Amino acid sequence: GAGVSQTPSNKVTEKGKYVELRCDPISGHTALYWYRQSLGQGPEFLIYFQGTGAADDSGLPNDRFFAVRPEGSVSTLKIQRTERGDSAVYLCASSVSGGGGTDTQYFGPGTRLTVL
Amino acid sequence: QKEVEQNSGPLSVPEGAIASLNCTYSDRVSQSFFWYRQYSGKSPELIMSIYSNGDKEDGRFTAQLNKASQYVSLLIRDSQPSDSATYLCAASGYSTLTFGKGTMLLVSP
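Protein sequence lines, in the order shown, are assigned to chains A and B.
Under this note's numbering, the first residue of the first sequence is numbered 149, with each subsequent residue one higher.
Under this note's numbering, the first residue of the second sequence is numbered 303, with each subsequent residue one higher.
Bear in mind the hints are in silico, worked out from the structure with no lab data behind them.
Since this is a predicted model, take the numbers as computed values, not measurements.
Just to be clear, a hint being listed does not mean it is correct.
Stated by the list, open to error - A short, non-exhaustive set of chain A residues, derived as facing chain B with CB atoms under 10 Å: (1) V152; (2) G176; (3) A179; (4) Y181; (5) G190; (6) P191; (7) Y196; (8) Q198; (9) F214; (10) V237; (11) A241; (12) T252; (13) Q253.
Stated by the list, open to error - Footprint (simulated), chain A over chain B, 3 or more residues, beta carbon under 8 Å: (14) 341-351; (15) 365-372; (16) 401-407.
In this text, a Cβ means the ideal position worked out from N, Cα and C, and glycines have one as well.
Chain A on its own, in the form it takes in the complex (with noise of 0.2 Å):
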């Protein structure tokens, strides 16, 4: 079946600018997570939306990044005034149900943004 896809692959954008990254779970996921990765770096955690709502977005690094998941599906990561240490990979991850701690999540190829 068809994985998490992730659009666009790449992203580039000036500073100051607004950007919005889309992530397209497994159908029939009810979570979803985004993850941020700067270069030698592991994935480091955004935010996770259990169904529609946000169950956990301690790892947003301030006011300018807020995301969304309007109808449990497909989710929107958006930054606003974009900064050059934005640039970065975003990961979308997607899992069956989220809670336990023992749902494998499945990631998406990611969306390269670099801000100029």
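Based on the hints, put chain B in the right spot on chain A.
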């Protein structure tokens, strides 16, 4: 603050040898542990999960967990050049994952 520590490597082993990858974690709340493989420019791919103390084997891979020592390891037997990648250790307390920086493994033919 939950932390997961890994040696960044690279760890170089000849083809056919055993590769041993290690990981320590700081948060005793963590109950589940995962090893992901990440090829350059690609996304992480789960290869092993372990939740209980002891060993768990799956083909050429064996994960080991020692909760008292807060230590997780991954052994890869009969290493192949195609195993060359970065191996990410991750810990989960409830739902989200905390990753280490990853260990780069290089398997030479």
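Hints, one by one, checked against the model:
{"no.": "1", "hint": "V152", "in the structure": "holds, 8 Å"}
{"no.": "2", "hint": "G176", "in the structure": "violated, 17 Å"}
{"no.": "3", "hint": "A179", "in the structure": "holds, 7 Å"}
{"no.": "4", "hint": "Y181", "in the structure": "holds, 7 Å"}
{"no.": "5", "hint": "G190", "in the structure": "holds, 3 Å"}
{"no.": "6", "hint": "P191", "in the structure": "holds, 5 Å"}
{"no.": "7", "hint": "Y196", "in the structure": "holds, 5 Å"}
{"no.": "8", "hint": "Q198", "in the structure": "holds, 8 Å"}
{"no.": "9", "hint": "F214", "in the structure": "violated, 18 Å"}
{"no.": "10", "hint": "V237", "in the structure": "holds, 8 Å"}
{"no.": "11", "hint": "A241", "in the structure": "holds, 8 Å"}
{"no.": "12", "hint": "T252", "in the structure": "holds, 6 Å"}
{"no.": "13", "hint": "Q253", "in the structure": "holds, 6 Å"}
{"no.": "14", "hint": "341-351", "in the structure": "holds (count 6)"}
{"no.": "15", "hint": "365-372", "in the structure": "violated (count 0)"}
{"no.": "16", "hint": "401-407", "in the structure": "holds (count 4)"}
Checked against the numbered hints given earlier, this structure breaks hints 2, 9 and 15; the rest are met.
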